[in-house]
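Given the coordinates of chain A, assemble chain B onto it according to the supplied hints.
Line by line, the protein sequences are chains A and B. Following our numbering, the numbering of the first sequence begins with 1 at its first residue and continues without gaps. Following our numbering, the numbering of the second sequence begins with 1 at its first residue and continues without gaps.
Hints are computed from structural coordinates only; laboratory data are not their basis. Remember, it's a predicted structure, so these values are computed and weren't measured experimentally. Among the hints, erroneous ones may be present.
Only pairs whose alpha carbons sit at most 35 angstroms apart, straight line, appear in this in silico DSBU-like list of lysine-lysine [to be verified]:
| no. | chain 1 | residue 1 | chain 2 | residue 2 |
| --- | --- | --- | --- | --- |
| 1 | A | K19 | B | K503 |
| 2 | B | K506 | A | K27 |
| 3 | B | K55 | B | K532 |
| 4 | B | K495 | A | K29 |
| 5 | B | K5 | A | K28 |
| 6 | B | K522 | A | K19 |
| 7 | B | K506 | A | K26 |
| 8 | A | K28 | B | K475 |
| 9 | B | K479 | A | K29 |
| 10 | B | K272 | B | K434 |
| 11 | A | K19 | B | K55 |
| 12 | B | K180 | A | K41 |
| 13 | B | K472 | A | K28 |
| 14 | B | K519 | A | K19 |
| 15 | A | K56 | B | K55 |
| 16 | A | K26 | B | K190 |
| 17 | B | K445 | B | K503 |
| 18 | B | K84 | A | K26 |
| 19 | B | K495 | B | K95 |
| 20 | A | K27 | B | K502 |
| 21 | B | K180 | A | K19 |
| 22 | A | K28 | B | K479 |
| 23 | A | K26 | B | K475 |
| 24 | B | K272 | A | K26 |
| 25 | A | K21 | B | K180 |
| 26 | B | K506 | A | K21 |
| 27 | A | K26 | B | K472 |
| 28 | B | K519 | B | K31 |
| 29 | B | K479 | A | K41 |
Label pairs and their computed distance ranges (CB to CB) [unchecked claim]:
| no. | chain 1 | residue 1 | chain 2 | residue 2 | range |
| --- | --- | --- | --- | --- | --- |
| 30 | B | S225 | A | F45 | 17 to 27 angstroms |
| 31 | A | E11 | B | I11 | 26 to 36 angstroms |
| 32 | A | F45 | B | G118 | 26 to 36 angstroms |
| 33 | A | D22 | B | E138 | 25 to 35 angstroms |
| 34 | B | D233 | A | D48 | 39 to 49 angstroms |
| 35 | B | E71 | A | E49 | 47 to 57 angstroms |
| 36 | A | D22 | B | G455 | 37 to 47 angstroms |
| 37 | B | D233 | A | F45 | 20 to 30 angstroms |
C-beta: ideal position from N, C-alpha, C; glycine also.
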Amino acid sequence: MKVERVNIKKEIDEIMEEKAKDILNKKKKENTVLRLIMENKIDDFSVDEIKDLLVKEQS
Amino acid sequence: MMSDKSLHFSIINVEGYRGRNFKLKMQAPSKQSVFVMEGNTGKTTLIELLRWCFKYPQSRAEGKFRHMFTEPAHVLDWDFPNKKQRCKIEIHFSKNGHNYMFRRTTEGEYSKEEANEGEIGDNISKIEDVIEVDMGAEVYRGDDAHTVLTELGITASADYFLFDGERAREYMQFASDRSKVQELVDAVDKRVTPRRLVEYSRDLNELEERVFQELGSRVTDRGLSRVLNRLHDLGLEIANARREQRRLDDEIGALERTAKQLEGNIAELNDKIISIKSKNLNQITILNNEIKNIKDGIYRERSSIYENFLKLISHVSDKEIINKIKTKIRERGKLPEPYRKDLINLCLESDPPLCHICGRELDKKSKERIKLLGKQVAPHNVQVFLSSDISYETTPFDPNKKYFEIEKLLEELESKEKKLDRVQLSSEEKNLMKDRDKKLALLYKHQEHLGDLRGELDACVGEIRRLEGEEKELKKKSKLWREYRIILDEIESAKNIIEETKKEIKKYTINIISETIGKSVKSILGPRFSAKLTEDSLYLGENEVFHPEVGGMSGRLVLAYCFAEGMTRVDPMIIDTPVGKMDDSQREQLAGHLKANHRQVILLCLSTELDSFAPVLSPKRTKIQNKRGNVTWLKS
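Only chain A is shown next, with the shape it has when bound in the complex (with noise of 0.2 angstroms):
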């Protein structure tokens, strides 16, 4: 019986992150704080300025 290659499990890890990716892309837009997690700007602004920032999003 001929052997097939099936393994995808390197890729498993792949598959999952960029599906988590692509799950929390779209939650993004509803939430700020996890935007600027996402994009790794999180630590760029300080409470204040986020504190402001969605004050000015939900005026």
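What follows is chain B alone, placed relative to chain A:
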């Protein structure tokens, strides 16, 4: 073609640990390595040492080494007791274009006396970890070395890519023992959580911490400061309680599914038992009738012995003997003569009363006895029997023949009763009942556990409500908190999004892993076979039937391999004692599968395990011998 992204081990060098001293040099990338290590040369020790190094950071390593079923087990060399010694393992590997060298050094003394008293014997004074990246361009020590291993995905995969008989047994149990369901749920849960989400959760917690620090720094009022601190603590307590609630929900869900499945299995087994019973019912009725007939026959035969007892006597004696006995009884007056009223009256009515037989005067006592004579008359049939000669039929009666006839009937009865027992409780039925009882016991255990968990969940929900109530009250009171509420609410909402995403990803990834395992099993065992993984079950499938009973030892061993392959996040497989009870063709298929699907397979095997397996992986083999006494001594 080999990708330098993949993890590749190049050298593993062991010095001193448990008296093992050898160096494994792997084949070049994309080639498999076969090491022939005879019994007691350190195969198990090597696998366990690698697990120990990869799973436990320096600060938590002591007492965590496990060797087969012993935990903790000693790591020092017991051939050199009561002297300071140093053991070392170096693991050279590459990943993502970088070269790494991990080293764990352990110093201490092995105490034979303590070992003889049942202790592990190790007195460890120091454990040191270090990772050098690219020949020392970067060096990480202590627990930081472990962080590097974790980031490379090695730590999370150590239970899978290091595959030996013990792990195989554990994964085989996942496929057939429902009491292992929680371990499976935990393992799957860890595997299917994207690292990205873990990192985002960590970032959210850090941001929340920053918000509270900011709040704290702006508060001058002590009372308000207390309120804010309490709010901070409450936030953490609520988050913990919610995590616990989710864990309990998951555990309850898994247990409920298991219980439901067990109920289904039990119902199925009961149907089978009933079906076997009804199949046997006809046979049981026939056998019962036959047994009744035999018993009747025995009764008839025994009755005939009693009925013919005189013939039985005649067989052993002469009828004259009986007649003589009868005459003797009658003549000796042991029984009274026939009633003679006139004689009794004569005796009693004469004055003075006299015995009209012997002429003696009767005293008071004698008169009373004569009065009673009237009542001491033998029944008529006794009189007739005693007066007449005995007679019986002359037909011969052979008790020996009768005995053998009855004995034959008894043998027949015994045989039929045994047959009835067998039919009533066939081995198949017995096994089914045993299996059903086992499952029932497990179901009761699960139901009991479910009851406990539901109680815990209720308590947890109650606690969350209480904490949330307290939080709400405090928030109302705190003006400053209200000011920052917008950001805290946003963090909370982001956390919920992460949790929902985790759930979605879990479902999605389990399907992918399940499909991978199924394909792998099919590729090794043939098109009839497959496998299925859910969040709380792992089954081998045959002709699309997925059940704990599918497959023998070899099938389950293949499933264990494929499960480990599906669960590891890194490419290499390091295998000890590989093929168990597989036949040659299955060994070849498995070896072919491993070769086709891994850039690196490191096989540790006995020379007797080479046939049909190792040659498929690699024509080259390296014999490894343990150099004893290579321990490093340290001056006291």
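Quick rundown of the hints versus the structure:
no., hint, result
1, K19(A) / K503(B), "holds, 12 angstroms"
2, K506(B) / K27(A), "holds, 17 angstroms"
3, K55(B) / K532(B), "holds, 28 angstroms"
4, K495(B) / K29(A), "holds, 15 angstroms"
5, K5(B) / K28(A), "holds, 30 angstroms"
6, K522(B) / K19(A), "holds, 27 angstroms"
7, K506(B) / K26(A), "holds, 18 angstroms"
8, K28(A) / K475(B), "holds, 27 angstroms"
9, K479(B) / K29(A), "holds, 29 angstroms"
10, K272(B) / K434(B), "holds, 13 angstroms"
11, K19(A) / K55(B), "holds, 28 angstroms"
12, K180(B) / K41(A), "violated, 43 angstroms"
13, K472(B) / K28(A), "holds, 27 angstroms"
14, K519(B) / K19(A), "holds, 22 angstroms"
15, K56(A) / K55(B), "violated, 47 angstroms"
16, K26(A) / K190(B), "holds, 24 angstroms"
17, K445(B) / K503(B), "holds, 28 angstroms"
18, K84(B) / K26(A), "violated, 60 angstroms"
19, K495(B) / K95(B), "holds, 32 angstroms"
20, K27(A) / K502(B), "holds, 13 angstroms"
21, K180(B) / K19(A), "holds, 30 angstroms"
22, K28(A) / K479(B), "holds, 29 angstroms"
23, K26(A) / K475(B), "holds, 32 angstroms"
24, K272(B) / K26(A), "violated, 52 angstroms"
25, K21(A) / K180(B), "holds, 33 angstroms"
26, K506(B) / K21(A), "holds, 14 angstroms"
27, K26(A) / K472(B), "holds, 31 angstroms"
28, K519(B) / K31(B), "holds, 24 angstroms"
29, K479(B) / K41(A), "holds, 29 angstroms"
30, S225(B) / F45(A): 17 to 27 angstroms, "holds, 25 angstroms"
31, E11(A) / I11(B): 26 to 36 angstroms, "holds, 28 angstroms"
32, F45(A) / G118(B): 26 to 36 angstroms, "violated, 59 angstroms"
33, D22(A) / E138(B): 25 to 35 angstroms, "holds, 33 angstroms"
34, D233(B) / D48(A): 39 to 49 angstroms, "violated, 23 angstroms"
35, E71(B) / E49(A): 47 to 57 angstroms, "holds, 51 angstroms"
36, D22(A) / G455(B): 37 to 47 angstroms, "holds, 40 angstroms"
37, D233(B) / F45(A): 20 to 30 angstroms, "holds, 25 angstroms"
Hint violations for this structure: numbers 12, 15, 18, 24, 32 and 34, all remaining hints satisfied.
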